[in-house]
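A.B. asks: Listed below, chain by chain, are the residues.
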Amino acid sequence: MARSVCAKSVFELWGHGRTHSDLRSSLMNYPREEMSLFMSRDSTYKIDVYTFNKTLLFSDRIKRIDAMDYLPFEGAVSLKNPQHIFTLIEDYGTDPNNIPEDPNYIYFGRWIADGQRELIRSHSVKNRHFIGNTSMDAGLSFIMANHAKVQENDLVFDPFVGTGSLLVACSHFGAYVCGTDIEYNTIHGKGRSSRKNQKWRGPDENIRANLRQYGTEKTYVDVMVSDASKPVWRTGALFDAIVTDPPYGIRESTRRTGSHKDITKPPDAVYTDSHVPVSQAYHLSDIFTDLLNFSAHRLVTGGRLVYWLPVYRPEYCEEMVPSHPCLRLLSNCEQMLSSHTARRLITMEKIKDPEELDSLSHLADPRFSPYQGHNAFREKYFSGLNKRSCKEDAKSDVGGK
Amino acid sequence: MKLLTHNMLTSHVKGVTKGYPLLIKATEVKLNEVEFNPQFVSRMIPKLEWAALVQAAEELGHRQDLPGELVTDYEKNEDFLKKVHTVLLEVEVIEGCLQCPESGREFPISRGIPNMLLNEDEV
Chain A
1 MARSVCAKSV FELWGHGRTH SDLRSSLMNY PREEMSLFMS RDSTYKIDVY
51 TFNKTLLFSD RIKRIDAMDY LPFEGAVSLK NPQHIFTLIE DYGTDPNNIP
101 EDPNYIYFGR WIADGQRELI RSHSVKNRHF IGNTSMDAGL SFIMANHAKV
151 QENDLVFDPF VGTGSLLVAC SHFGAYVCGT DIEYNTIHGK GRSSRKNQKW
201 RGPDENIRAN LRQYGTEKTY VDVMVSDASK PVWRTGALFD AIVTDPPYGI
251 RESTRRTGSH KDITKPPDAV YTDSHVPVSQ AYHLSDIFTD LLNFSAHRLV
301 TGGRLVYWLP VYRPEYCEEM VPSHPCLRLL SNCEQMLSSH TARRLITMEK
351 IKDPEELDSL SHLADPRFSP YQGHNAFREK YFSGLNKRSC KEDAKSDVGG
401 K
Chain B
1 MKLLTHNMLT SHVKGVTKGY PLLIKATEVK LNEVEFNPQF VSRMIPKLEW
51 AALVQAAEEL GHRQDLPGEL VTDYEKNEDF LKKVHTVLLE VEVIEGCLQC
101 PESGREFPIS RGIPNMLLNE DEV
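Sequence lines, in order, name chains A and B. For the first sequence, the tail end lands on 401 under the working numbering, and the numbers increase by one without skipping. For the second sequence, the tail end lands on 123 under the working numbering, and the numbers increase by one without skipping.
Incorrect hints may appear among the rest.
Stated by the list, open to error - Calculated cross-link-like contacts (lysine-lysine; reagent style DSSO-like; alpha-carbon spacing at most 27 Å):
no., chain 1, residue 1, chain 2, residue 2
1, B, Lys25, A, Lys190
2, B, Lys18, A, Lys230
3, B, Lys30, A, Lys218
4, A, Lys230, B, Lys2
5, A, Lys352, B, Lys47
6, A, Lys8, A, Lys54
7, B, Lys2, A, Lys149
8, B, Lys47, A, Lys218
9, B, Lys14, B, Lys30
10, A, Lys149, A, Lys126
11, A, Lys8, A, Lys126
12, B, Lys76, A, Lys218
13, B, Lys30, A, Lys190
14, B, Lys47, B, Lys18
15, B, Lys14, B, Lys83
16, B, Lys83, A, Lys218
17, A, Lys196, A, Lys126
18, B, Lys82, A, Lys218
19, B, Lys25, A, Lys230
20, A, Lys8, A, Lys80
21, B, Lys47, A, Lys230
22, A, Lys46, A, Lys8
23, B, Lys76, B, Lys2
24, A, Lys80, A, Lys63
25, A, Lys190, B, Lys2
26, B, Lys76, B, Lys25
27, A, Lys230, B, Lys14
28, B, Lys82, B, Lys47
29, A, Lys149, B, Lys47
30, A, Lys80, A, Lys54
31, A, Lys352, A, Lys149
32, B, Lys25, A, Lys218
33, A, Lys218, A, Lys190
34, B, Lys14, A, Lys218
35, B, Lys30, B, Lys47
36, B, Lys83, B, Lys47
37, B, Lys2, B, Lys47
Because the hints were derived from the structure by calculation, they are not lab data. Keep in mind it's a predicted model, so treat the numbers as computed, not measured.
Given these sequences and hints, build the entire structure.
C.D. replies: Structure below.
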């Protein structure tokens, strides 16, 4: 529970039933010795009442607490600092427009622990110093850090770091973090703001400032401007985890340095400092081939790669998920973005070091990769929208001058 | 740029075979205070190229009397770990460049951030 942002709380279940009288029968069957451990004369306790999908009047809450007096409570009530908390939970369904008079189901138990859902609020991107158009929200960032089993004192890398949302989550769990991105302005925290009421980014808007905001600046190692398709790291198993959200080609472009045109160098063969390297399309399937290959070489054995894979739902099949002989697929979870698009959270674990043969594996050849069709992800994503906007343009042409 | 990162970087200029370690030409170096975490330092030491670390620290004038060779049984040696901690995480190159030892190609560092992008003809 010290890690989960999915689980709200954990209780030791003592009894349950459809009605309060069923609950009472159920509780009578729970071993008394197990109950009295937490109800001794010198202990303190309180009883909480949670009603899901219904608001109870305070007086009704008190009535329910009083109705539990058939249990052998011997300790003293302490609302401020009880040693034990007992919870009555009533489930009124999931439809806020159709709340039943009586609960669908009732549970009673002893509270054990809360999860970390508070992090979703405390680390919300809404209040973060530095954000971008595609910054990962706090909840998903923490889920990714958990999928990667990020531990204290790990070294974690994000090759498409953007504004560092994933690093923020990993650093919260004590990992030391570093990242690269091809976009100079994002890494340096310059350029146009992603916030509605702000035109330009301020001086304290960068990845380091985000870690500072949450008190984890000591885990900031470095960020660099770099092309993920041309890694700059020496050989060796350097990283405990690689956690990343590569571009899908929709809201951030997929690109890498290089040009299709004939290259003519400037006469003195020296680029000025302001030269921005020409970029070419980075086909989506290549991004994942490179990412898996990089991970196989640079992760420690047992280390994990966690990333999002955009898919076109009508054509998706499991065989499309990129594979690599040194990485074992652990999980594949879909998040729908629209009726025809989704992204899948992929988790892989490095099971062995790459050998010569692995790098020659035909699986790395994009022509054989079933994911190859996703190079057209951008076109498919917009195909529905294009039809609509063509109609709208036609209308406005007629209406306008 | 911290020396932990520098220790793991290599030149990826096309055709270069001896691109490690990159030479550091710093015009501005800062010494920050970073909370000492002996466990993290101990974990990083086996991943490091020790000679390259000492050389880099020397280049920046922050060698901190690090020995030329890694001592054995360093996990319990707090003084040693503290020195390694300073060199890895507290010394920061703010302005300058990294230079490929084979081709001479320079990668600028500005505001503490290295720019490792190659130009289109070098790719």
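A.B. asks: Going back to the hint list, which numbers does this structure go against?
C.D. replies: 9, 15, 26 and 34
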